[in-house]
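Engineer: Chains as they are written, first to last, in the numbering used here: chain A, 1 to 159; chain B, 1001 to 1507.
Honestly, the hints are just simulated from the structure, not real lab data.
Misleading hints may appear alongside valid ones.
[Stated by the list, open to error] As a list, the in silico EDC-like pairs of lysine to aspartate or glutamate whose alpha-carbon atoms are at most 20 Å apart:
#1 LYS1429(B) x GLU122(A)
#2 LYS1288(B) x GLU1354(B)
#3 LYS1236(B) x GLU1246(B)
#4 LYS72(A) x ASP1431(B)
#5 LYS1104(B) x GLU1245(B)
#6 LYS1104(B) x GLU1354(B)
#7 LYS1104(B) x ASP1203(B)
#8 LYS1288(B) x ASP1239(B)
#9 LYS1429(B) x GLU80(A)
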Amino acid sequence: MMHDIDSAPAKKGIRSDQFSGFILLALALGVGWLNLEYPLGSLREPGPGFMPLLLAIFIGAMGLLIALWGGKSDPLAAIEWPEAKRALVIMAGCIVVSFALEPLGYRITIFAFLIFFLGVLERRRPLPAFLVSLGFSLISFYVIGDLLQVPLPRSPWGF
Amino acid sequence: MVETFNNLMLGFSVALSPEILVYAFAGCIIGTLVGMMPGLGPLAGISLLLPATFGLNPIVAIVLLSGVYYGAMYGGSTTSILMRIPGEAASVMTCIDGYAMTQKGRAGPALAIAAIGSFFAGTVGVIGLMLLAPTLAEFALRFGPPEYTALLMMGLFILAYMSGGSMLKTLAMAGLGLMIGMIGIDIMSGYTRFSFGLVELGDGVGIVPVAVGLFGISEILLTAGKGEMPDVQKPKLRDLIPSREEFRLSVGPIGRGSLLGFLIGIIPGSAHIISSFVSYGIERRMSKHPERFGNGAIEGVAGPESANNAAASGAFVPMLALGIPTSPVTAVMIAAIMVHGISPGPLLIQEQPELFWGFVASMYVGNVVLLVLNLPMVGVFVNLLRIPYAYLYPCVLAFCILGTYSVTNSMIDVWIMLVMGGLGYVLRKFDFDLAPVALGLVLAPMLELSLRQSLAMSGGDYGIFFERPIATTMLGLGVVLFLFSIKPLIFKTKDWRADVGLDEAKG
């Protein structure tokens, strides 16, 4: 926390709030640059670029203040990422699903997704993993797609 | 008063119809389950259920979603008390003394007091909503674009002042949300902004993919690789009755928590979370034996649980009376109503009395349903907690993808959800509050439109905000709160968060 003066050991190196503050500043500069494409208009008649510019200045100012006041925050290196590897695998699995959902249909994609997570990533026993994956993909399709009539993607084979 | 009574009767005639009762019941059950599941808070639960409400009539839709909302508030307390796992963020404070009571064999009374407190607070909240919302809506009929601009600005300053974490970080996140809200077609000029050539972004970024990503996916990423759930106690019905002393100690905290929660609920931000922290801090401060807190003090369960439920009702006041969401949950609910062509705002109560009063009455009904349902069935509900997390989180992920995709049947929304999930994961590592992002996203179009309309009205003269008494008062109040917010930063003093123990609890 920013105000936590005593608990943060005095180590050298960039602090977490300094880092996040500068990232926000960089984001604001990026938005400001992209915003050059849109007319700013005038104070009397603001254009489409007016509000984004105000917001970019605001975010940049906040980023700068966070960085300036961030000298007493925890060191950047103190932030631990023990779950990051697994989180990346989870994200990768979700990205694959996002590409497969429309071509393969909901039931096949979600079945394969759950088999991967339960069988490969979590190393669950094959039979329960298979039954949960099959049951979830079929029942959720039936409830959401058929009963609640939410249109869900089907495979080219109609399944 | 007679008019209010007649309106309420109209509401009950709607709420007690079999169809509404069934959906209120279903919403409460789904909400309880959602609240108990780590990784699925009320916001993610409501967002995922949103597409299923498109085919329903608007009254049924809002009754179902609000049932999920306050059901999740109840459900969150169960895991906090029995397992020291807050099902959702508002239940963090309940963990402390609730779990200590469980360790002392008093899980039943803790659950009962949490349920009774939530019921009382929910009822107080509904009465407050019933009395306050129509008055506020009548007042808001005087609002023009300058007043709405001032109101939204004031809301953002209050959000910064009342946020659980750093004020600068909260404002930066609100700015980020507003910036995301700039994506899409500018309705005044027709320009498509920041769409990177993607036609689907022309309509802007929806609240559902952002909310599910920031709150649902990021939670799963943070808890990835978590071990099995610990053993869970299964209290029997006869164990639920609190002692006379426990009742006596709980009365004050329930009353105070209800009033405090409702008032905090009206203002923007993560009100239900903040209210539970503030209530805990106040109860600890008021107690003759503060050393009992942390070791199983029933006041530490009664106060925060009442406060977070009352705050859930309070959040509906600005949503229904002004059409302004003060939390991501109410933002999603506004989306649910707007799908049906109804705009929440000052005219809603006059134009759609069945919707407003039916909703108010259904909240009474929902509170009774939750009390009747949850206490006797707590043994059934805790079975859900026996499902290994390794099985639970892939299914939650699949639900997130399914729910987000089905809102607009667009894969772009799923990608936005994943980007927001990754962003939320990193931001939480850096101790940023995510609620202002979702709130900023929803407020962005309203703020931009009202600001530009105000300037068009005044011919570019910013003095318009200082010539109209209501707008001036709101802006003045916002500036005063902003000055209060920056005072601890400049003078290195402690602010209200330290007084109620919010810093230490979050840190």
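Engineer: Take the hints in turn and mark each one as holding or not.
Structural biologist: Results for each hint:
1. LYS1429(B) x GLU122(A): Outside the cut-off at roughly 24 Å; violated.
2. LYS1288(B) x GLU1354(B): violated, 48 Å
3. LYS1236(B) x GLU1246(B): It holds: about 18 Å lies between the C-alpha atoms, which stays within 20 Å.
4. LYS72(A) x ASP1431(B): Given pair LYS72(A), ASP1431(B) holds - Cα atoms ~14 Å apart, limit 20 Å.
5. LYS1104(B) x GLU1245(B): With a Cα-Cα distance of about 16 Å, the restraint between LYS1104(B) and GLU1245(B) holds, given a limit of 20 Å.
6. LYS1104(B) x GLU1354(B): Violated, at about 48 Å.
7. LYS1104(B) x ASP1203(B): This hinted pair is violated, its Cα atoms lying about 55 Å apart.
8. LYS1288(B) x ASP1239(B): violated, 28 Å
9. LYS1429(B) x GLU80(A): Holds, at roughly 8 Å.
Violated hints, listed in ascending order, are 1, 2, 6, 7 and 8; each of the other numbered hints is respected by the structure.
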